[in-house]
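Letter by letter, the chains look like this.
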Amino acid sequence: MGCDSSSPLQPNYQFTHPQLSIGLGRSDLAVACTDAENDDGGGAAAGEDDEMTVFHFLNCAALTFGPHVVYYSATPLSEYDTIGTCVKAAVVYLGTALVKLVCLATLLKVPENDSFDPYQELMKIFIGFIDVAGLYFALTQLTHRNISQNHKFQAVGLGWAFADSVLHRLAPLWIGARGLEFTWEYIFQGLEANANLVMTLSLAALGSLMWLRKNKPRTLVPIIYACALLLATMPSITSYLRRSLEWQTPKVVGFELFSSLVMAFISWQLFSACQRPM
Amino acid sequence: MPSGDVLASVSSALAVLIVLLACVELGDAAAAVGVYRLIQYDLAGAPLGSRAAALNHHAAALPLPAAADLSRSALVAPLLDLPLSFLREYLAEKKHLGGLLILLPKKISDEDATANNESKGQLKDSLAELEKLLLHEEVPYPVYFAFQDDHFDNLLADICKIASSGQPASATTGGYKLVVSSPEPRKVSSPTISNIQGWLPGLKGEGDTEQLPTIAIVANYDTFGAAPALSVGSDSNGSGAVALLEIARLFSRLYSNPKTRGKYNLLFGLTSGGPYNYNGTNKWLRSFDQRVRESIDYAICLNSVGSWNNELWMHVSKPPENPYIKQIFEDFSDVSKEVGVSVGIKHKKINVSNPRVAWEHEQFSRFRVTALTLSELSSPPEFLESTGGLYDTRESADAESVTRTVRLVSESLARHIYGLKGRNIDVFAENSSLAINPHYIQSWLDLLSRTPRVAPFLQKNDPFIAALKKELSEHTTDVHVQSDVLDGMFTFYDATKATLNVYQVASVTFDLLFLLVLGSYLIILFSFLVITTRGLDDLINIFRRPPSRKVKGA
Chain D
1 MGCDSSSPLQ PNYQFTHPQL SIGLGRSDLA VACTDAENDD GGGAAAGEDD EMTVFHFLNC
61 AALTFGPHVV YYSATPLSEY DTIGTCVKAA VVYLGTALVK LVCLATLLKV PENDSFDPYQ
121 ELMKIFIGFI DVAGLYFALT QLTHRNISQN HKFQAVGLGW AFADSVLHRL APLWIGARGL
181 EFTWEYIFQG LEANANLVMT LSLAALGSLM WLRKNKPRTL VPIIYACALL LATMPSITSY
241 LRRSLEWQTP KVVGFELFSS LVMAFISWQL FSACQRPM
Chain V
1 MPSGDVLASV SSALAVLIVL LACVELGDAA AAVGVYRLIQ YDLAGAPLGS RAAALNHHAA
61 ALPLPAAADL SRSALVAPLL DLPLSFLREY LAEKKHLGGL LILLPKKISD EDATANNESK
121 GQLKDSLAEL EKLLLHEEVP YPVYFAFQDD HFDNLLADIC KIASSGQPAS ATTGGYKLVV
181 SSPEPRKVSS PTISNIQGWL PGLKGEGDTE QLPTIAIVAN YDTFGAAPAL SVGSDSNGSG
241 AVALLEIARL FSRLYSNPKT RGKYNLLFGL TSGGPYNYNG TNKWLRSFDQ RVRESIDYAI
301 CLNSVGSWNN ELWMHVSKPP ENPYIKQIFE DFSDVSKEVG VSVGIKHKKI NVSNPRVAWE
361 HEQFSRFRVT ALTLSELSSP PEFLESTGGL YDTRESADAE SVTRTVRLVS ESLARHIYGL
421 KGRNIDVFAE NSSLAINPHY IQSWLDLLSR TPRVAPFLQK NDPFIAALKK ELSEHTTDVH
481 VQSDVLDGMF TFYDATKATL NVYQVASVTF DLLFLLVLGS YLIILFSFLV ITTRGLDDLI
541 NIFRRPPSRK VKGA
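Heads up: the sequence lines are chains D and V, in that order.
Residues 1 to 278 (full-length UniProt numbering) make up the first sequence, in order.
Residues 1 to 554 (full-length UniProt numbering) make up the second sequence, in order.
Read the hints as simulated data drawn from the structure, not as lab findings.
Misleading hints may appear alongside valid ones.
Label pairs and their in silico Cβ distance ranges [said to hold, decoys possible]:
no., chain 1, residue 1, chain 2, residue 2, range
1, D, W268, V, G519, 23 to 31 Å
2, V, L539, D, V54, 53 to 61 Å
3, V, G519, D, W174, 46 to 54 Å
4, V, G519, D, L261, 17 to 25 Å
5, V, I540, D, R218, 39 to 47 Å
6, D, Y119, V, I540, 35 to 43 Å
7, D, A171, V, H136, 29 to 37 Å
8, V, D153, D, P250, 40 to 48 Å
9, V, S520, D, A171, 24 to 32 Å
Which residues of chain V face chain D? A few of them, derived with a C-beta cut under 10 Å, are [to be verified]:
no., residue
10, S378
11, V530
12, L536
Even for Gly, the Cβ is constructed at its ideal location relative to N, Cα and C.
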């Protein structure tokens, strides 16, 4: 019935959500005592609060997966019915994730302490390149119906990012966002999903440039490869920021959003530069 | 077909996943704290105490804003900030609270003992008053006790800050929710009281055919308080039980050698059911053979002997002029003079028609056995008072007082048993092999102060009872545990401890605002993508599509 066998005179604590201290501090979140004028959950029985938390779950889910759906329906992707490509790309992503998992399990040791181990990080970066290989496979090896280069990389990127969001973010969202406790965690996760979508699209664009377009202006080639490298190592960079430099989550998410927009802009410029007839 | 197998395995994996997801418990509170519930009991059918256990309400704190509706809030208040008049008014007018969480102060450390004597006294008084109020009222909502610490201080500060700013909940603010998910409290079926007895048989001479006379030493070991999970009763009556154990130990050393065995049997009784008019003592005496009962010369009951300095009281029901009483009192007085304390005598007649039994010796007197109670209390305690409440913790009993009591009782007994009256002999002298062992007293006091001992929640086979039995059997023989059912007038309910989860919740306005922001973000994203990839005309066409399609189709 709750307390374990500890002495009755000693309080026992389990703090299960340290995230509560992220940047915003509990002093910002406060309580209204005047339940009379408050039409919120103050007048609520337990049932209403369950509704509220499902509402929060739906909000965060919309934030996480909505942009993918919006992207598909807003761009000509929906007109040309490229859903097949997206699905195939998603499947390739799942396969890649499995391979990465196996590699991580076999090649990485369990860290004794939380310090930054350069060897381990290097291994993780190499394993991250499996992602790039997967994208290569999706872009080049899969048979697509007749869709232009333009749409091909978009569809592949979209399917890839959607699968990534589902795999990494759906389960925590389902389990966590429905709880009574309010945290900013899932909102940040949604923002990260957005940034991830943009970065995946950029990487897919550069990938299609690298592998599908044969005639590229010579000067731009190293830039293309450099940007692709940067995008591929972006997950490692964010984890480095989070662990070693100990940036707080809002900062990291802000960095991700900013860098994704920058990289998207650069990729867009590169892509349109390569599209100009030589 | 291989694809069929693959499909089957995939679907079974999916089923497992779905089952797993459904079973995931949403236990993600900001903090989980152990809390202790106010006792819930019925007295002769009248419901008393806290009648509910489950709690799921928003937290509120003092000072309350004017005209606040508390029927859907759980009030969190430190003990010293809770005005009893407020609580009394609420209880008298039968106003509803969602719940009440009273924060008990942390233990005052010994280092600042001198500075805090006054605050200790104030604390003791507040706790006593609160307990008295809550024990005799029917409280239809859950009342919990918890220990105050930094976490609760922050919580209260947060709540008060918002209340004082007077603003309604802003977009990002919601509240704190206190949730205790406890099952419905059930009656404790047939609560047992277990009396433990042990004998030290005296030395029968060659020609003695009659039974030796017996002297009984009795103390009740159980407690009763507002929070049964916190009722450790160090002074009432842990001190008495420990004194009894030490006396048993000393006399067992004397009686182990036939040369020093006295001509009296010694009967040690650790009784239960003390707060309930010494119901257990009654049942225990009833279980004796009449001849054994008649052989008891007199009984010494020990009650609350852990915090006195100079004066101890001997309570009797027979008039002090009675020769037996006189003699016993003289024995005590002689020893007390040597020890440097004084023993006073108080006489209280028993009214057989009154069911209230204030002292343990009264149960003996009802069986016509001469008995007395030694206590630091000068007047008989009220019903359910001085039974080991919230303030009766380790600090309220000290080993020196218990040692002094042991010396007083054992010396007088020894002089009586061995006929040493008038001779200047110290039987239990210090630095002798029979010296009183303060470490023994300390360690048993410590143990008792860690064990809540409310009788209905102590089963027959509770390890604590087994420990007492084992300890008594180290010193005495013929140890026997007599279990009986508590008097039907009392009914107790369980659910004495629970875990409180404190959640931080966001208000509905926050969710709606978030939805608004999210909706506009998605719409802007949509428009942006349509404009950049298909052109502005397409965006406008989307909104004009139905009529233009009709035109196209026609």
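Which numbered conditions among the earlier hints are violated in the structure presented, ordered from lowest to highest?
2, 3, 6, 7, 8, 10 and 12
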